[in-house]
Each structure stands twice: as C-alpha cells, then as structure tokens.
Amino acid sequence: MTEMIGAKAFVRSLERAGVETIFGISGGAVIPICDELLDSDMRFILARHEQGAAHMADGYARVLNKVGACLATSGPGASNLVTGLATAQIDSSPVAAFTGQVNRDVIGSDGFQECDIIGVSASVTKYNVQVRAPEEIPHAVKTAFHIANTGRKGAVLVDIPKDCTTLRGDIEFPEKVEFRGYRLNPEPDPHELDWAAKILAEAERPLIMAGGGVIASGASHELVELSELLLAPTATSLMGKGAFPNDHPLSLGLCGMHGTMEANMMVPKSDVLLVVGARFSDRTTGKIADFAPNTKIIHVDIDRSEIDKNVEAMTKVVGDAKLALQGLTERVKRLRTWEPITEWRDRITEFKCVYDAENEKNGPYLRAPAVLKALRDELPRDAIAATEVGQNQMWAALHFDAYLPRTFHTSGGLGTMGWGFPAAIGAKAAKPGVPVVDIAGDGSFGMTENNLATAVEEELPVIVVVLNNNVLGMVAQWQRLFYDKRYSAVKLKGNPDFVKLAEAYGAEGVRVETMKDFRAAVRRGIKADVPTVIDVPIDPEENVMPMVPPGMGLNDTLMEAD
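If you count the sequence shown from 1, position 236 lands on 1134 in this note's numbering, and the numbers rise without skipping.
Quick caveat, the hints were computed from the structure, so don't treat them as lab data. Every residue, glycine too, gets a C-beta built ideally from N, C-alpha and C.
Label-pair ranges, simulated between beta-carbon atoms: (1) E1401 to R1078: 52 to 58 Å; (2) N1208 to E913: 40 to 46 Å; (3) D1087 to E1210: 16 to 22 Å; (4) T1240 to G1404: 54 to 60 Å.
Straight line, CA to CA, 20 Å or less: simulated PhoX-like cross-link-like pairs of lysine-lysine: (5) K964 to K1074; (6) K1259 to K1271; (7) K1231 to K1096.
Working from the sequences, and respecting the hints, build out all of it.
Here is the structure:
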C-alpha cells in the first residue's frame, strides 16, 4: 500500500490500464484530477463539449480496439456525456467515462452542479459505480476497464466525489478483479458447432451476414476463409462494414433498409443463413416476417440475450466470433466432401446494380455517390472513414468501399447526428499517420462543428467532406416519399458559410464545383497539417436508393423513388 491523494491514485490507475490519451473538459469537481494529469505522460485532449469528448473516445476505441477514456465534471458535464455513452453502448464500443461529483456530504442536497449520474446513465452503460473513498478508486477503474473491453463490449462510467480525489488514503492497485455475476466463457459449445457445421455443409444456397461482432473479435480473416470454403455470398450489417472486403468477389455489401440490391434480394432466397456478430436490427431485417421466411438461420453471438430476441434461429452458437468461425471452418472441411455449387455464387451478378460513374453532376450539383467513389479513389486502402448520420451515412455505406476492418465507423444503433466529426478526431489521435475523413451532412456537421477548435489546437488534421444540400436530408427524403412533399422543420436556411467557418477556427476551407476540384481538395487535405473542410453542393431533392419502404421486407427494395 502507498499513501496518496485520490486524484493521484486515479491517474496512476489510468496509467496502469495503458491509457495514453484521454478526452474531456475540466470543471470544479475534477480540478484535482486535471492537476495530477500535468505530471503524467498521458495526453489530455480538450474537447469543446462533453458530448464531443465521449464521441472522440468512442472513435479512438473503435480504431484501436482498446478502451477509450473521457473525463467530465459533475452536473451538466456528466449529463452531457450521456448521448455519447448511449451511442457507444448500443454499438458495443468500449468507452470508459469518468465523472466528477460533489463532495460526499453534499450528495442528495441538490448542491451546485450535482447530478445523480449513476441513475441517469444506468440504462445506457454496461456498468457504472460511484466510489465512496479514495481507497476504492483503483479497484473501480480496473473493474470498469475489464467490463468495458470483455464479452460484448460497451460503455462504463465511474463517478468520483471531489473529496475522494483530495483526501489521502492507503492505496493498493489490484492486479486483477473478480466479482459475482460476471463470468465469461468465450469458447463456443462444441455440440452447437457440430450442429451448425452440419447445416452449413449440406446447404445449397448458403449466405453469410457479418456484423460488428466479427470486427470486435478480430475475425475478418476467418470470415473470408469460411466464405470462400462455402462459396457463400457475404453481406454485412451497417456495423459490420469492413469485416468483409467490399472488393471481394463474394461481397454483397450492405443489407437492410438502404442495402444493396444484391444483398437484399439474395438473403431471402438463401437456404442457410449464417449470421455472425449481428443483432438483427430493424434497419437490417425490414419486416421480420419477410426477412428470410424459408431459411435455416444459424446465429453466432457472444451475447446470449441476442439469440432469438428479434429473429428466431434454427440453431445458435454462443461465444466469441473468431473461435466460432474457426470451429465451423474446421468442421465444414471434414464434412463437405463435394464441391460447392457455383450457380448460387454466380447469382450475385444477376442482382448487382452498378452505379453509373459517368453521371457525376445533376445541374449545378455534384452527385453524392460519385463524390464518395472519387473520395475512395483518392484515399489509401487503410484510410479511416467516420460518418455522420442521415443520407450521408447511407450513401457512404453504399458507395464508399471498406477493405479492412476498423476503417469504417458510424453511429449505427442510436443514429447520433454529430457523431462523425468528433469520432474522426478520436480516430486521428489513435492513428495520426493514417488519413482520416469524416463523411458529413450539413445538418450533422453543424451539431458538433465546434470541435474544429480541438482539431486545430491538437494538430489533428482530419478531412471533413460536407455533402451540403441545405436540408436535413433523410427526414426530407421521407417527407418527399411518404408525406406528399410536405416539408416540415427540415430546411436549413441559416447554414453558415462552411469555408469561412473553417477559416475562423484556423482550418482550411474549400468549396468545390467540379469533380476535378473535389479530387484536388482531397489530395491537399491528405497532405495538410490542419483540418480541411470541403463543402460539396448536392441536390436537396436527391434520394438515397435502394430503399426498403417502412413496414416492408427486403424483397420490396426499390431502386427508384417512384
């Protein structure tokens, strides 16, 4: 044991957990912690809003596959983290939030900047705890990191009263933590693997759908191996994008509401569907009754509670995706003594709709799909893309290819507008030598554009591509298609000049009118030492297609708005 103040114990605990970067905003309840951080080698990145700090930690975590840490003061500082924690939790991203709290003797008195953040955050975290003595800090931090980054990963929160950081205590740093109710066994049941492998080996029209769990477990290589063994076309959920290379001949791309035609047509026609690390969200399945009504479904997931939650599976494999895919591949090799049927694989070309890359402009506007294909061409294969939420997100999912895991990141489950830019900053902090781009809409970017100050100050030169249609595009698309063009609360007439906005923060800003201008701007942005904001005018009437209308199934996918 060593006697020290709680703030020092906290910083030491972070260092022992391997934290190199922490994102946050200071405040009265965390001043002692910020003071101790001055004596640490940890990098503190000052956000401009606590929500942005949480998103930065989230982007950092997704890129490095390690816990991203953020810090906020009590009251509004803590509550401002909640959207970021909810985003990370539903997308199974390991984020640890640390919040200051009023002194212990003030708790419950509605003191200045007091907030019951434990109660507030309970439904959007995997684990949360309030320490009650300086001696409890190391165990709480160790526990939080362990829970955040094991099993199905997620968000955690540790609340620390201010006096626990200023008082001295006999501090002991635990080497490991154990506690009731959290016993993990990532090994799949061999009997479940046997049964699933038998079904796969006998399939004539096998298809695989990969979710974020494949990326979380580092199982992309195993996924490709099994896909090639079965000659199984492979689709992904939105969170699974990057788990399977988009340029692989067996790739179907995205499945779901704005999925590719080939994915949405072939999933219901498969006789066996292997779903790995995906949770059958409504945006992936469409109308559940029409999702895959005559298909034998095998569901692999590390979270037992996801099995049969939304879609009933014929058989289940509970465990780590990497171990499950390895086990399935070994068994299928032994069971399958004949060559797989190539006719099923060849049907990919029957449904594939190739975007006309020549159609780059529509009147005075550039077309979003062409812009994203050009962006992909200009970036290296390992470049990292984050997206905002809305039309920009779906265009990116459809037209910006991902070749490697952990290179495409988005807010999937919560659909958090404003997520992409701060997440891109976190990604750049994680991998400063790799180009990082935020694919944005004007509406989403406007929600967190103040983080340009952070990116400039911290010398994190991300590129922001703003698909600017002066409207909240996805809501407007629904109003256009399903509400007889009755536009309400979507037109952004007060948008700033994004070029001048970027320049006001000390970043580069450029507005482009041609594809040649756009490509040149991207190339300059890759080499720039400050953030670059590229304002791209697109048609406010342009729709994201394909689309499954609400309440309908994958077979009802539309290619045109009419």
